[in-house]
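S.K.: So the sequences go chain by chain: W and L.
Sequential numbering of the first sequence, starting at 59, is according to the working numbering.
Sequential numbering of the second sequence, starting at 5, is according to the working numbering.
You may find that some hints are simply not true.
What the hints assert, rightly or not - Partner residues aside, some chain L positions facing chain W, computed with beta carbon under 8 Å: (1) Ala22; (2) Ala27; (3) Thr142; (4) Ser185; (5) Arg186; (6) Arg189; (7) Val206; (8) Leu213.
Stated by the list, open to error - Simulated DEER-style distance windows between Cβ atoms: (9) His198(W) with Val288(L): 54 to 60 Å; (10) Leu13(L) with Asp274(W): 37 to 43 Å; (11) His159(L) with Gly171(W): 33 to 39 Å; (12) Gly130(W) with His159(L): 55 to 61 Å; (13) Leu112(L) with Gly243(W): 30 to 36 Å; (14) Met119(L) with Gly243(W): 37 to 43 Å; (15) Tyr116(L) with Met277(W): 35 to 41 Å; (16) Gly171(W) with Ala131(L): 47 to 53 Å; (17) Arg188(W) with Arg210(L): 39 to 45 Å.
Rather than coming from a laboratory, the hints here were simulated on the basis of the structure.
C-beta atoms are modelled at their ideal positions from N, C-alpha and C, and glycine is treated no differently.
Residue strings, one per chain:
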Amino acid sequence: MAEPTVLELRKVTKRFGGLVAVDALSFTVRRGQIKALIGPNGAGKTTVFNLITGVYPLNGGEIWAAGRRTSGQPSHRVAAQGVARTFQNVELFGNMTVLENIMVGAHTQARTGFVGASFRTRAMRLEEARLAQRAQQCLHLVGLAEVEPDREAYSLAFGQQRLLEMARALAAEPKLLLLDEPAAGLSTRETVRLAELVRRVRDLGVTVLLVDHDMDLVMQISDEVVVLDHGEKIAEGTPREMQRDPRVIAAYLGEET
Amino acid sequence: MGGNVRRYLPFLLAVVAAAALPAVVRSGYALHLAAAIGINTIVVLGLNLLMGYAGQVSLGQAAFVGVGAYTSAILGSHLGLSPWIGLAAGAALGALMAGAVGVPLLKLRGHYLAMGTLGLGMIAHIAMVQWEGLTGGTIGIGGIPALSVGGFSFHGDLRMYYLVAAFVLLALLMASNIIDSRVGRALRAVHGSEVAAEVSGVDTARYKLQVFILSGGLAGLAGSLYAHHTGYVNCDSFGFAYSIQLVVMVVLGGMASIWGAVLGAGAVTLIAENLRAFQEFSTVIFGAVLVLVMVFLPAGLWRGITEMAQRLGLSGGRRRSGEA
């Protein structure tokens, strides 16, 4: 286990008014891992994602990503640091095409500004070609090769929208990919393909942290699991250890399965 | 290359159409109106980038047009400087003012931004009326020189029309280039989902400010052209009513549509002009026309017309959302 840390949470705390949503949470994700964050509804899982990606400010603690402190930084800076994510309720750019959605994902991989764009400079055109090619690759990677790249994003089926969102996140060439309930709303067959895809992404060198309610998926693909309850970490370990942990069974598995 | 033909053919057609227009309409009055439409088109292009593409409303855009117009008036008429300096300064001051007020204003969202920009427009208008030493108050400033190159003066309706048309075509080309680029995608992403844009690495606050500055600069440029076109500016031209007219031009032509800017500016300018005879009823009729267009062509004139053309089989192929 000599792999370096890609993500580290140090006593991260988040309060909404009087409610402590995340309470002094600490855990690390090492390079090449697939790690899962699980817990009953309202345990604070999505809040943790929003804290990592700078959507919410922290009330206490620190977050480090890829060797730099990212807590206190705006979301776009965290993204530039190599952290990409998807959303529980798919957040696509509905007013744009499939390919354009992915190209926005590659925003940090390019630098054309207003002037370069206005005059369609040679550098800008080369960059556009590179981004479009990269977007096509991502479309293939997530298994949407047969989807017309010029289609409006919202015209896709729900399962395809989830995959498109993942393609957009991958276009950023992230070091760390956060997947917020990637299997929610997917059929059993789609979930099996999703598991394959997550492994393939990991094999390409992207570290994965995911939240999901599908225990089969989580237990099957995760190297390690962190269990949250009421914003606190109650257990951490391999999926097998978690399945036998009495606290976890009491808080979560016991109620759900 | 096929892509290039597809990209630049509409502009080529627009150049030909703009060049041929004086041969068709002939009258000086019509050319005067055409220049006014062109000037409005420049403002609407900037406002459409801001509203239609980036999703940020401005109900105070007249303020920036006014800044450009008064800059040209003061520099040209009072200080006797070259109109070209006035034009450059007008655009620069419009952009500068947008940058200065944009930093606090763009922290507001949705309806609050609308209210904020509305306030900006009103304050700017009050300044134009009351700051008599600078603006001439309700009397305004006259004797603004026409633009000229060497001995060639862009005086008269035909010459001014061609000059405005050149600026409009250039602005159209640049706006269309911006939209179909990393910058344009970032702007549309801000509109689509601000949080998704941010976590994709788009500095949303910065893009909003930049596009606001661009819209202010285009408005300032248009204001300067207006001043040199009419030779006279007065505070009545840059009030709340004009700001609303500009928003109507954007919506009527079609949100997120470059060519819609031309149609929207054209339609509203012509309707307003033709309703003058009806005096106090003109607002009522204007409103009724708006309601009708919005009911039957909710996506604006440009979409409405292109969809009709597609149904009639005049144009094939899918339209990409970034185009048009």
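S.K.: Checking against the hints above, which ones are violated?
M.R.: 1, 2, 3, 8, 10, 15, 16, 17
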